[in-house]
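Read off the chains here:
Protein chains: 2
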Amino acid sequence: MTPTITAFAQSPDRGQGLARDMRVRWALEEVGQPYHTRLVSFDEMKRPAHLALHPFRQIPTYEEGDLALFESGAIVLHIAGRHAGLLPEEANARARAIMWIFAALNTMEPPIVEHEQARYHEHDKPWHRARLPLLEKRIHGRLEQLSNRLGDADWLDGAFSAGDLLMVTVLRRLEGSGMLDAFPNLCAYIARGKARPAYQRAFDAQRAVFTASNG
Amino acid sequence: MTPTITAFAQSPDRGQGLARDMRVRWALEEVGQPYHTRLVSFDEMKRPAHLALHPFRQIPTYEEGDLALFESGAIVLHIAGRHAGLLPEEANARARAIMWIFAALNTMEPPIVEHEQARYHEHDKPWHRARLPLLEKRIHGRLEQLSNRLGDADWLDGAFSAGDLLMVTVLRRLEGSGMLDAFPNLCAYIARGKARPAYQRAFDAQRAVFTASNG
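Protein chains in written order, with this note's numbering: chain A, 3 to 217; chain B, 3 to 217.
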């Protein structure tokens, strides 16, 4: 059964691969699972058919036979549980790889998203410039802790796993901000992720949606 | 092998059970797994021994033989995978229960924590009062979507699961804020969670730490 995912019909990041369908595409490419993509407009995301799939009106969703999922972390973990290649077989190593999924999404991503949201929703507020250093300090602290843990390893815990996949997509949100410059090992880590053939196939697939709608 | 978790030696919430060890204690109580607790001070959390367990200097951690985990979501999921009682057996229902773990921690919790952090770290800033409505609106939107999905069901998807456990602990952070008042079904949902005997045992255990250090 070929799964179907949803993605934005109009890419808000102009095909940079920062939307959360990228994570799911990458996971599917890593395990060699073909998939269908259904594009949804912002209008369609508010309609009952999409709300039945995703109560929080977002993308991606994942449908496979009778199963329907939302939450990119849950979808990646589901794919990793069904196919070899994204989680170690040994039980303890597997639990640690799953731990890094949660660390990426619960510890690293929230201050990064908070910083993005401030730029989108509060850029015209009188306090915006004064608040930015607070937000950047919070992100810097997390990056420093992550950089210390990673050290000179290639991946967070042994071989590449779903935890690395999600961590790389989270850190990519900081590209161009300058905040990664102080951490060469994290920059190299992101580059290793992006160099994976599965990443590149996933990136090209999401990029093609943007190109087609602006061709 | 009896696992050992860490918790705050000095409860920042004065024993209200909002620290993240509560989630792990509750999960362990639901499955009937005894555990040891090691209390750590804020000073100890910065030291190498704790950083080796938790690179982001937080609690809880979970140690069981050779396995060491951090991230409350990962720990609860690990416990739920090892014991019956927190995840359905049927594969699709199990994937959906795990999806609700991610929804609690990635979709519901971030705006709630952002609101808390504003109160702790920005309450003396000139913009604090002007920003609060923005933060509350973001939370209200998420509560409304969650309330619509829950409807008049007892739990988010069939029987009580680890997803409900985490969602109840996340929503509890809003108790006393008034923000839950508009959603009677969410208030009843929280009350159902808190009425579970395992919740009550876990609550009493974390409360006893506060009582002992202030007795």
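I should point out that these hints are in silico values taken from the structure, not numbers from a laboratory. Keep in mind the model is a prediction, meaning the values are calculated, not measured. Incorrect hints may have been included.
If several chains are the same, the list does not tell them apart, and a pair holds so long as it fits within one copy or across any two.
Stated by the list, open to error - Keeping only pairs whose Cα atoms sit at most 25 Å apart, straight-line, the calculated SDA-like set for lysine to any residue is: (1) Lys127 / Pro57; (2) Lys127 / His142; (3) Lys196 / Asp45; (4) Lys127 / His85; (5) Lys196 / Leu69; (6) Lys139 / Tyr122; (7) Lys139 / Ala120; (8) Lys48 / Arg151; (9) Lys139 / His125; (10) Lys139 / Ala184; (11) Lys127 / Gln147; (12) Lys127 / Asp68; (13) Lys139 / Gln60; (14) Lys127 / Glu138; (15) Lys48 / Asp159.
Results of checking the hints against the structure:
{"no.": "1", "hint": "Lys127 / Pro57", "result": "neither (30 Å within a copy, 35 Å between copies)"}
{"no.": "2", "hint": "Lys127 / His142", "result": "both (23 Å within a copy, 21 Å between copies)"}
{"no.": "3", "hint": "Lys196 / Asp45", "result": "neither (32 Å within a copy, 38 Å between copies)"}
{"no.": "4", "hint": "Lys127 / His85", "result": "neither (47 Å within a copy, 50 Å between copies)"}
{"no.": "5", "hint": "Lys196 / Leu69", "result": "neither (30 Å within a copy, 30 Å between copies)"}
{"no.": "6", "hint": "Lys139 / Tyr122", "result": "both (19 Å within a copy, 16 Å between copies)"}
{"no.": "7", "hint": "Lys139 / Ala120", "result": "both (14 Å within a copy, 14 Å between copies)"}
{"no.": "8", "hint": "Lys48 / Arg151", "result": "between (41 Å within a copy, 14 Å between copies)"}
{"no.": "9", "hint": "Lys139 / His125", "result": "both (18 Å within a copy, 17 Å between copies)"}
{"no.": "10", "hint": "Lys139 / Ala184", "result": "within (13 Å within a copy, 35 Å between copies)"}
{"no.": "11", "hint": "Lys127 / Gln147", "result": "neither (31 Å within a copy, 27 Å between copies)"}
{"no.": "12", "hint": "Lys127 / Asp68", "result": "neither (46 Å within a copy, 51 Å between copies)"}
{"no.": "13", "hint": "Lys139 / Gln60", "result": "between (29 Å within a copy, 18 Å between copies)"}
{"no.": "14", "hint": "Lys127 / Glu138", "result": "both (18 Å within a copy, 17 Å between copies)"}
{"no.": "15", "hint": "Lys48 / Asp159", "result": "between (40 Å within a copy, 22 Å between copies)"}
Checked against the numbered hints given earlier, the structure breaks hints 1, 3, 4, 5, 11, 12 and satisfies all the rest.
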